[in-house]
Amino acid sequence: MNIDNKNEERKEADLQSELKKTNKMLDAINSNIHHQTTRIDNLMLVVRDLAIILFVLILLTNWGSEILTFLGSFSD
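Residues in the sequence shown are numbered consecutively from 1, following the UniProt record's numbering.
Simulated from the structure, these hints should not be mistaken for laboratory data. Misleading hints may appear alongside valid ones.
Unchecked claim - Result set (DSBU-like, lysine-lysine): computed pairs, CA atoms no more than 35 angstroms apart in a straight line: (1) K24 x K11; (2) K24 x K6; (3) K21 x K6; (4) K6 x K20; (5) K21 x K11.
Said to hold, decoys possible - Computed Cβ-Cβ distance ranges for the label pairs, DEER-style: (6) S75 x T38: 28 to 34 angstroms; (7) D41 x D14: 39 to 45 angstroms; (8) A13 x I52: 28 to 34 angstroms.
Computed from a prediction, not measured in an experiment: that's the story for all the values here. Glycine included, every Cβ here is placed at the ideal spot set by N, Cα and C.
Could you build all of it, start to finish, from the sequences and the hints given here?
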């Protein structure tokens, strides 16, 4: 009976150890995912800002006024 209890305690200790290792790995994965998501969010903001700048520059050029004239021709 005493041997069975020690075996159970040893198994439980092994399971607790494995659980701690798994939790550490999951925390590392979660941290990595959060970091990558932040990088993607920042990239999306940069792309959006560049698109806005490009759009404004196009509107300021002669080509932009031609596009606006073309689009305005549909409203007649």
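Checked hints:
1. Taking the CA atoms of K24 and K11, the gap is near 20 angstroms; set against the 35 angstroms cutoff, the hint holds.
2. A distance of roughly 27 angstroms separates the Cα atoms of K24 and K6; the hinted pair therefore holds under the 35 angstroms criterion.
3. Taken as a hint, the K21 and K6 pair is honoured in the structure, with Cα atoms around 22 angstroms apart against an allowance of 35 angstroms.
4. Pair hint K6 plus K20 holds up; C-alpha atoms about 21 angstroms apart against a cutoff of 35 angstroms.
5. Restraint check for K21 and K11: the C-alpha separation of about 15 angstroms stays at or below 35 angstroms, so the hint holds.
6. With their beta carbons about 43 angstroms apart, S75 and T38 fall outside the hinted range of 28 to 34 angstroms.
7. Range check, D41 to D14: Cβ separation about 41 angstroms, and the 39 to 45 angstroms hint holds.
8. Between A13 and I52 the C-beta distance comes to about 59 angstroms, which lies outside the given range of 28 to 34 angstroms.
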